[in-house]
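Chains A and B supply the protein sequences, listed in that same order. Numbering-wise (the working numbering), the first sequence opens with residue 1 and increments by one. Numbering-wise (the working numbering), the second sequence opens with residue 1001 and increments by one.
Across the chosen pairs, the derived CB separations fall in these ranges:
no.	chain 1	residue 1	chain 2	residue 2	range
1	A	L236	B	I1351	27 to 35 Å
2	A	M233	B	P1091	54 to 62 Å
3	B	I1382	A	N202	40 to 48 Å
4	A	M233	B	Q1339	25 to 33 Å
5	B	K1374	A	A254	31 to 39 Å
6	B	T1145	A	D163	56 to 64 Å
7	B	G1203	A	G68	41 to 49 Å
8	A	A203	B	Q1339	43 to 51 Å
9	B	E1239	A	D162	46 to 54 Å
10	B	D1370	A	L126	36 to 44 Å
Quick caveat, the hints were computed from the structure, so don't treat them as lab data. The beta carbon of each residue, even a glycine, is placed where N, CA and C say it ideally should be.
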Amino acid sequence: MTHTQTIKIAGAVMPPLFALTAVLAAAAVFLGPTVPVWRPGGSPATEVVRVPGGPLLYREAGAFTLEGHEIDAPLTQTHVAGTLEVMKYQVSAAQYGLCVEEGACAPADNSAGASAGLPVTGVSYLDVQNYVTWYAGVTGQDWRLPTDLEWAHFARLGPEPDDRSAPSGTMAERWLNTYRQSAASGRTPDLAARPRGHFGENALGIADIGGNVWEWTDTCFARVNLNAAGNVMSRLETCGVRVLEGQHRAYMSAFVRDAISGGCAVGTPPDLLGFRLVRDVPWYDGLLRLFD
Amino acid sequence: MTINDTIARRSFLAGTAALAAGVPFVLNRRSLAQDASPVTVAGLGGVTTDIDALERVEIDLLPPPFVHAHEQVAPGAPRVVAFRMVIEEKPMVVDDLGTTLWAMTFHGSMPGPLMVVHEGDYVELTLVNPATSEMPHNIDFHAATGALGGGALTNVYPGEEVVLRWKATRPGVFTYHCAPEGMIAWHVVSGMTGAIMVLPRDGLKDHEGKPVAYDKLFYVGENDLYIPRDENGNFKTYESLGESYADTLDVMKGLVPSHVVFNGRVGALTGANALTANVGETVLFVHNSCNRDTRPHLIGGHADLFWPGGGFVNPPQRDFETWFIAGGSAAAALYTFLQPGVYAYVNHNLIEAEQLGATAHILVEGEWNDDLMKQVVAPRPIQ
Ligand SMILES: [Cu+2]
Chain A
1 MTHTQTIKIA
11 GAVMPPLFAL
21 TAVLAAAAVF
31 LGPTVPVWRP
41 GGSPATEVVR
51 VPGGPLLYRE
61 AGAFTLEGHE
71 IDAPLTQTHV
81 AGTLEVMKYQ
91 VSAAQYGLCV
101 EEGACAPADN
111 SAGASAGLPV
121 TGVSYLDVQN
131 YVTWYAGVTG
141 QDWRLPTDLE
151 WAHFARLGPE
161 PDDRSAPSGT
171 MAERWLNTYR
181 QSAASGRTPD
191 LAARPRGHFG
201 ENALGIADIG
211 GNVWEWTDTC
221 FARVNLNAAG
231 NVMSRLETCG
241 VRVLEGQHRA
251 YMSAFVRDAI
261 SGGCAVGTPP
271 DLLGFRLVRD
281 VPWYDGLLRL
291 FD
Chain B
1001 MTINDTIARR
1011 SFLAGTAALA
1021 AGVPFVLNRR
1031 SLAQDASPVT
1041 VAGLGGVTTD
1051 IDALERVEID
1061 LLPPPFVHAH
1071 EQVAPGAPRV
1081 VAFRMVIEEK
1091 PMVVDDLGTT
1101 LWAMTFHGSM
1111 PGPLMVVHEG
1121 DYVELTLVNP
1131 ATSEMPHNID
1141 FHAATGALGG
1151 GALTNVYPGE
1161 EVVLRWKATR
1171 PGVFTYHCAP
1181 EGMIAWHVVS
1191 GMTGAIMVLP
1201 RDGLKDHEGK
1211 PVAYDKLFYV
1221 GENDLYIPRD
1231 ENGNFKTYES
1241 LGESYADTLD
1251 VMKGLVPSHV
1261 VFNGRVGALT
1271 GANALTANVG
1281 ETVLFVHNSC
1291 NRDTRPHLIG
1301 GHADLFWPGG
1311 GFVNPPQRDF
1321 ETWFIAGGSA
1331 AAALYTFLQP
1341 GVYAYVNHNL
1351 IEAEQLGATA
1361 HILVEGEWND
1371 DLMKQVVAPR
1381 PIQ
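Full structure from sequences and hints, please.
Shown next as structure tokens:
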């Protein structure tokens, strides 16, 4: 089942202006991928990477069933319309600390042992929302968490593997298989945050994708029931649970700061919880820069 | 080992040495045989047994959750069942974070290996304390009668071994543990405990006295650990067993364990180490808990039969949701799996199960029975 859809970004419906997108992409290339922006409170430069929109093969986050049997979400050919500015690095302990100093953010869970050059970890989705509000205020720019789709677009990891595209076996067999796959991964927790950049950069120049700090996204957990034809029969979003992205996808309650103690029973929980922010580039922004 | 080394080690354990000095704990086989006769069992007249005339079998112990090969019904007359157990003091990782305990173990594992004999058999244990050890050790069998369960006759310093023989007169599941005077608790919470199962000669029986057998035996040892933390809250590691003693004692006296684990570490019986069974198989869960009370529960299943207190002479009781094992004992529960899937066998103090480690998983294969359970409507928006 493959179809194309137009994606909403930040609540504003973007027309599929492919021609304009191409112009913006060209502008981004012309300017180079990394653009320094304003430094709040004299903190280290916040480097950003411009990511033009484009097509991608995407597996939606959430729990999907086909006629009552659990399956992986169908792969869909989809599209991100607008250009994003994406923070090159995850938000650092120093950057987050400024928000704490100003009383707008709660201290991160592990702030005692955190050094400034490390990504901030031990932050919940709710903590991040406070940071977003504060950071948008000091920069005058609409920084926000990416959606899961946007994260998949700039992470360039490709869709998660398809383990269950169709219902197969009994409930107990699927349950046992899922358990064994998780056990066989043999991954052990890695709970020491590394200096930013430690895990390298992806093709776009975005650092530390798929390291040991999982990133909060703005996407709510969804339960989607499909019928045999693949049509959505019901869809229920639970926004108290948000999608985290990293080496693998995870779902966490918005108040959880430590996945080890807050995680669900099945599967390996994320090691550490952090975030990076994105911003929509206004359609005229690239043109203005060309004439700068 | 130099003499100076030996003196230093012994003075460190002055309390233990006092007990050892007061008891003649080095006995040869002949003197043991003389001490053992006549053997008097309550309700019977005096019975004298010529030990040397009995058949003798030597058993190789296996680490948990396994048990050495054994017959559920005794094959013939009582025997001398000989075990050799080597004590190991060593650092052991107890969770996925790499937290390390300076462990003291019987035969290298937490819990010590499960021993199985039949009522009327003679247990002959050779207890070996290698010269590389820092501590003297001994063993107290709750199944044995006299001399502190054998503890007074089995004190062995590093580089020594001892042989103890005792008669298994009471069928049931019993704990054993190290018991050096003044340091019993420390040795136990460092890992020195395990279980012995004394089967009735004609095997286990149900509540009506009919024979029951098990297809598999899962041996679970529950240990409460008290690992000290540094000023930042991180678990400490120590260069040696002796160095860990004072800090550990402080944590122990607070009675708040840092870990409560099955078989020596968080995850010892989950993930790739999960136990396996099939629908229709009958499993005997042997559970040892030397120090603290525990309350095993099989999530999604039951105990069909449970022998409270661990004694097999008493008829088992039926249909437990959760069963109680007093600290300082072992007990057995019997269950036949009826549904496939993933089961969790936990200490149903769920804080200990979920946060501190007391969880095992059992992967059960077989046909699902819709009559017992069925999801009639998958989750959907409220209609
Ligand atoms: Cu000992």
